[in-house]
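Residue numbers (the working numbering), protein chains in the order written: chain A, 1 to 308; chain B, 1001 to 1370.
It is worth saying that the hints were derived from the structure and are not from the lab.
In this text, all values refer to a predicted model and were calculated from it rather than measured experimentally.
Glycine residues also receive a C-beta, built at the ideal position from the N, C-alpha and C atoms.
It is possible that part of the hints are untrue.
As the list claims (entries may be wrong) - Computed beta-carbon distance windows for the label pairs:
id	chain 1	residue 1	chain 2	residue 2	range
1	B	1284	A	112	20 to 26 angstroms
2	A	181	B	1107	53 to 59 angstroms
3	B	1107	A	95	37 to 43 angstroms
4	B	1306	A	65	26 to 32 angstroms
5	B	1316	A	280	44 to 50 angstroms
6	B	1352	A	112	35 to 41 angstroms
7	B	1160	A	299	21 to 27 angstroms
Said to hold, decoys possible - Straight-line alpha carbon distances no greater than 25 angstroms define the calculated BS3-like cross-link-like pairs of lysine-lysine that follow:
id	chain 1	residue 1	chain 2	residue 2
8	A	116	B	1283
9	B	1063	B	1240
10	B	1107	A	116
11	A	116	B	1063
12	B	1116	B	1162
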Amino acid sequence: MDATSIGWLALPLAILGGAIRVSTPFIFVSIGELITEKSGRINLGLEGTLMLGAMAGYAISYLSGSPWLGVLSAGLAGMAFGFLHGLLCSVKRVNDTAIGISLIVLGTGLAFFLGKPLIEPKAPPLPSIALGFWSSVPQVRAALDVNALFFVGIALAFAVYVFLNRTGCGLMLRTVGDSEDAARALGFPVLRVRIIATMAGGFLAGIGGSFLSLSYPGSWSEGLSSGQGIMAVALVIFARWRSINALGASLLFGGAGALGPALQGIGVTGYYYLFNAAPYILTLAIMVASTSRAAPFADAPGELKLHR
Amino acid sequence: MTLKPVDRRSVLQMLAAAGSAPFVLKSTVALAETPLTVGVLYSGSKQDYGFNQSHAQAAAALKKQTGIKVVEEERVPETIAAQRSMEGMIRQDGAQLILATSFGYFKPHVLEMAAKYPDVTFAHTGGVWTAGMPENIGTFYAYIFEAQYISGIVAGHMTKSKKLGLVAAKPTPNLLRSINAFALGARSVDPTIQVQVIFTGDWVLPVREAEATNTLVDQGADVIAAQVDSPKVVIETAEKRGVMSCGYHSSQADVAPNGYLTGAEWNWITPYLVYAGSARGGKKPEHYLRAGLGDHFVKNSPFGKLVTPEARAAAETARADLIGGTRVIYSGPLKDNKGNVVIPAGVMQSSSDRALDGINYLIEGIIGQV
């Protein structure tokens, strides 16, 4: 039970704990964005959706006393934002990237404005599952104190995989995203599919935001997001538009993010700026390693304007 | 140009006394007929449980004074937007005193605005006025490390594991001064105490601050102190992990009702009143204004319920010694954590000693690296 006796073992433990604690918002936002991008649109506004979700989740949890109701309303708020994005982008000659950026500003601004009275009150947080019950080491217990949303996120990654690859609706979504002409020829409602995909993406991003305010770090403040929403969009490209990869990338990113503080914790005190950059360096390295000269956009949905 | 130290001190003390008993000042201010409009700029949210909130609290106290009107703008970036904001306050609201509370406002924004509006008084937090700069600029700061030293004493009394954790933003001289003071306070109680520092690398990074706190608790620290812009997340995480905590900037006591011990807080109302006085009187502002516990520029949060009577008594004694000058925080012999002597035996660097401005070491007993 001596708390100081775990020594360097604290490092893998911190990385594991960090992967579990930090990655959940990345999982939700990146899988949400993945669904949107599979329909052929990019929604950069998820950073704003994340903040709006964080605020809405905290507000409803505080007012109703039920954190799960908070999560649901965060999702609905995100969905409304996704609807806005989907609708605006359906107008001819409207650029989805520009709309996304304006939604970042609108979402954060709206969240700050409506969230002003929420900074001081304490909302009931999401409960976590104590998976470390078998251990008598407090550090292990703390690392394995896992939020239920984390498991929902993992299940979601697999569910989205099945949806995209094994269902008719998934095929329709992919067709719309890969070739608008082909989708029209088949009689698919292109705009409707895209709007619904963007709404689904917004819903998940909102839930990702509610994790920030209701679980970890667990309160509403204006500095809550340090770019998680933007980073999650980048993770989708990193994951080559595959949901299982997106899950892996989020976990990797979360774990690597814990490296900086953890190394200083075990006494490796120098180079912390470098270690703090670990997630980004790792991302860069893997992206360089996994590029293909022959077919650089092989996995990208054909209709993504990013690649035109 | 500068006033004699004796004069300055007496003026400060008078105003500080007025600050602690506002009705005294109210009667003097009420003598002036036209209300003084004061414009306050914040770089972040007024409710950040941190640095900006400490200013916002002082602005709220200023607003209560009769004859003073306060206009505020938060989240003003340290760009040309700061100049627009100041200009707007001066021209539209008629502000005669501008309080620019973020470091980055100074160069060039405050300097340019002060040259453009010589009749308006500008007071800036943290800047250093040098000869040749506009005469209507005052710069003020406070020796918060004195309050952090008191927090260190309380933490040193309360720790059982003899290990304290500290989450800090960046190794800047001001932060290092406070980190060292915290460690010196704790180690004055028990020289075996160690302070472990984790630098997050930026001013506001909630997720990494929470991670750093968790890591420190995992390493056995049972008191966590925070020196980031908004210590709320650190204090909250410490509370969730069931350890004690010490705050910074403003009080975070309400987010950690069990474990909050005390905290080092700014008490900006004192310098605000100094500048309100000079702006109203049409006098030149104090160009370089710095003070600590004795002049009520900083204070400690009220002790939390866990703090033992011995710890309270030791903190009060140390406070009295610091104010009376019988105790100097940075006194030799002092070694850094690499074994070099940084202050030789017999040398004392008092709070106002400019030698401390460029501090770049962590003292013996701190695990961490600049």
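These are the hints, each one checked on the structure:
no., hint, verdict
1, 1284(B) / 112(A): 20 to 26 angstroms, "39 angstroms, violated"
2, 181(A) / 1107(B): 53 to 59 angstroms, "57 angstroms, holds"
3, 1107(B) / 95(A): 37 to 43 angstroms, "38 angstroms, holds"
4, 1306(B) / 65(A): 26 to 32 angstroms, "29 angstroms, holds"
5, 1316(B) / 280(A): 44 to 50 angstroms, "48 angstroms, holds"
6, 1352(B) / 112(A): 35 to 41 angstroms, "39 angstroms, holds"
7, 1160(B) / 299(A): 21 to 27 angstroms, "55 angstroms, violated"
8, 116(A) / 1283(B), "38 angstroms, violated"
9, 1063(B) / 1240(B), "36 angstroms, violated"
10, 1107(B) / 116(A), "31 angstroms, violated"
11, 116(A) / 1063(B), "20 angstroms, holds"
12, 1116(B) / 1162(B), "55 angstroms, violated"
Violated hints, listed in ascending order, are 1, 7, 8, 9, 10 and 12; each of the other numbered hints is respected by the structure.
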